[in-house]
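Build out the structure end to end from the sequences listed, making use of the hints.
One letter stands for each residue in the lines below.
There are 2 protein chains.
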Amino acid sequence: MNIKDVTASVADEIVVFQQKYKLVLHARNTLVDKVSRYVLKQQGKQIRPAMVMLSAQLCGGVSDATYRAAIMVELLHSATLIHDDVVDGAEMRRGLPSINALWKNKISVLMGDYLLSRGLLYSLEHKDYGFLHLVSEAVRRMSEGEILQIQKTRSLDISEEDYLSVISDKTASLISSSCAMGAMSATSDEEKIAALKSYGEYLGLAFQIRDDLLDYTGDSKKTGKQMGIDIKDKKITLPLIFALRNASLSEQKMIRSILKSSRKRAVKSSEVIAFVTSKGGLAYAAEVAEGLAGQAVTSISSFPDGPAKTSLLRLVDFVMIRQY
Amino acid sequence: MNIKDVTASVADEIVVFQQKYKLVLHARNTLVDKVSRYVLKQQGKQIRPAMVMLSAQLCGGVSDATYRAAIMVELLHSATLIHDDVVDGAEMRRGLPSINALWKNKISVLMGDYLLSRGLLYSLEHKDYGFLHLVSEAVRRMSEGEILQIQKTRSLDISEEDYLSVISDKTASLISSSCAMGAMSATSDEEKIAALKSYGEYLGLAFQIRDDLLDYTGDSKKTGKQMGIDIKDKKITLPLIFALRNASLSEQKMIRSILKSSRKRAVKSSEVIAFVTSKGGLAYAAEVAEGLAGQAVTSISSFPDGPAKTSLLRLVDFVMIRQY
Chain A
47 MNIKDVTASV ADEIVVFQQK YKLVLHARNT LVDKVSRYVL KQQGKQIRPA
97 MVMLSAQLCG GVSDATYRAA IMVELLHSAT LIHDDVVDGA EMRRGLPSIN
147 ALWKNKISVL MGDYLLSRGL LYSLEHKDYG FLHLVSEAVR RMSEGEILQI
197 QKTRSLDISE EDYLSVISDK TASLISSSCA MGAMSATSDE EKIAALKSYG
247 EYLGLAFQIR DDLLDYTGDS KKTGKQMGID IKDKKITLPL IFALRNASLS
297 EQKMIRSILK SSRKRAVKSS EVIAFVTSKG GLAYAAEVAE GLAGQAVTSI
347 SSFPDGPAKT SLLRLVDFVM IRQY
Chain B
47 MNIKDVTASV ADEIVVFQQK YKLVLHARNT LVDKVSRYVL KQQGKQIRPA
97 MVMLSAQLCG GVSDATYRAA IMVELLHSAT LIHDDVVDGA EMRRGLPSIN
147 ALWKNKISVL MGDYLLSRGL LYSLEHKDYG FLHLVSEAVR RMSEGEILQI
197 QKTRSLDISE EDYLSVISDK TASLISSSCA MGAMSATSDE EKIAALKSYG
247 EYLGLAFQIR DDLLDYTGDS KKTGKQMGID IKDKKITLPL IFALRNASLS
297 EQKMIRSILK SSRKRAVKSS EVIAFVTSKG GLAYAAEVAE GLAGQAVTSI
347 SSFPDGPAKT SLLRLVDFVM IRQY
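Keeping their order, the protein sequence lines are chains A and B. Under this note's numbering, the first residue of the first sequence carries the number 47, and numbering increases by one thereafter. Under this note's numbering, the first residue of the second sequence carries the number 47, and numbering increases by one thereafter.
It should be emphasised that the hints constitute simulated quantities derived from the structure, not laboratory data.
Pairs involving identical chains hold if they fit within one copy or between any two copies, as the list cannot separate such chains.
With a Cα cut of at most 16 Å, we get these calculated EDC-like pairs of lysine to aspartate or glutamate:
#1 K150 with D130
#2 K68 with D79
#3 K281 with D134
#4 K152 with D279
#5 K91 with D51
#6 K152 with D130
#7 K306 with D203
#8 K281 with D257
#9 K152 with D131
#10 K198 with D79
#11 K280 with D203
Predicted model, so just to flag it, every value in this text is computed and none were measured.
Written out as structure tokens, the structure is:
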């Protein structure tokens with residue numbers, strides 16, 4: 047299963063979206079335009095715009111407002127990725143050098159701000175105030191979530207509750223907003239909009255837990271990133287949280303001393319992986335993700351069957367089985 | 047003349063603003079809240095909120111909407127200053143360590159995003175769509191202006207026109223928006239709003255040219271920053287643009303070679319200052335600033351006399367004579 051098959055019911059709409067998106071990204075300033083075109087080249091699976099469109103399709107059909115919502119979401123998502131790469135000092139993004147690697151932090155911070163304000167102005171121009179509210183809320187939650195993560199991770203002491211709160215803010219918020227915006231572009235039925243918002247929230251949570259699991263189990267050839275990188279970065283995720291909770295005091299001490307080692311290279315991620323596996327941390331995280339995926343499915347159970355619903359259900363499966 | 051005397055006609059309103067602003071800045075997350083409280087400590091002369099209030103006063107009076115506009119502007123301004131300090135690698139801000147110096151770039155980029163979205167949500171909650179439009183436009187222009195500056199400065203080849211375009215986007219845009227928002231909070235008379243927008247634009251341009259001049263002539267004890275720092279940073283401003291335009295080819299070559307020297311310390315700013323002075327660059331920039339200040343005054347000439355108008359006119363004088 048690949049993502050194109052999953053979102054096949056909006057394949058034509060995605061092509062239209064891409065054309066429109068390209069036009070919106072065009073800028074007068076030559077450097078801004080150049081970086082914008084590079085942002086397009088770096089583009090990923092465009093899963094958020096696809097979710098906007100599938101949600102609209104489920105609620106009545108794709109309209110002009112749906113495309114505007116998709117453009118808005120993708121602009122915001124691109125802006126936050128650029129800032130994330132600055133924040134993480136990332137050198138690569140989807141197989142290409144990151145914006146900060148090519149144009150330094152200065153241009154990157156400013157390009158993020160530019161794309162953010164570009165997205166806001168685009169929605170303001172069209173009086174899409176409902177979208178604006180959802181998206182500003184998501185931006186606030188994403189920055190708060192990242193800050194909470196840095197804050198908690200530093201102390202090597204994060205509870206499952208805090209972890210879920212972090213990934214809800216950091217990842218699920220924009221996915222949830224995307225689905226709500228898509229629904230909002232097709233219907234004014236508050237119950238339907240809320241149902242898709244929930245679907246997005248649960249799917250986003252399941253997605254992030256699976257993503258964090260891949261750091262322990264993923265094939266680096268498929269994921270395109272080195273295994274154990276979160277461990278080296280001292281990002282404490284669900285598998286480790288569970289394992290630490292179920293470890294003896296001396297085991298906890300051992301793991302903490304590994305994670306605290308000051309140099310990245312010195313962190314023995316293989317030992318941490320072995321510990322987490324033996325304590326059942328991987329199985330537990332997989333189980334939590336399964337539960338959330340189930341709730342995503344339940345969220346949209348009252349909608350009638352059809353191509354959009356099939357796609358959204360397959361998207362849940364896709365998130366659960368992906369190895370990359 | 048100090049700034050408190052200039053804005054005396056809204057002194058009480060500024061106190062109310064500060065109380066309201068503090069409440070808006072409060073955050074649930076303890077680290078976000080801590081950094082927010084530090085942002086308050088670092089606060090400058092709050093000239094933008096004062097301008098919002100003076101503009102409202104001139105157009106009929108300060109209302110709840112005026113405070114909201116002032117809060118919005120100050121949130122956005124704080125957000126862009128935090129990102130600016132990351133972009134410039136600045137270690138100090140108004141006599142205190144910068145946010146990036148205390149909490150690193152990671153937290154700083156995210157705090158900027160947080161304050162930006164906080165400001166947007168605040169306006170959305172109150173359905174202040176007019177403010178939102180003005181302010182998003184300003185954010186877009188600020189990021190574009192900074193990028194244009196980096197782009198042009200790198201080539202050491204910036205025309206007076208490009209320079210004016212950079213400072214208009216980078217500095218005048220938010221001052222101009224502040225005045226327009228203040229006016230908008232008190233009247234729906236489009237002519238009055240446009241007049242204050244112009245006033246802010248001209249004042250902002252004059253302010254930035256004076257600021258750039260202080261790099262050549264300022265007393266570092268008063269300005270709190272080292273003289274010639276723009277020269278060392280290879281920021282080409284109006285005095286130097288004029289001087290280069292009126293120099294022989296060999297003089298141009300000499301100055302270019304000084305500016306191009308790769309190590310900051312090696313840049314002999316005293317030689318550049320002497321060159322610019324001898325070519326009349328300082329006198330020229332002062333003259334351009336005077337002309338713009340005159341246009342700021344003309345922009346509000348049709349308003350009746352009164353305390354608000356007196357304050358706005360004194361603000362022009364303040365910008366023109368300040369030595370810090």
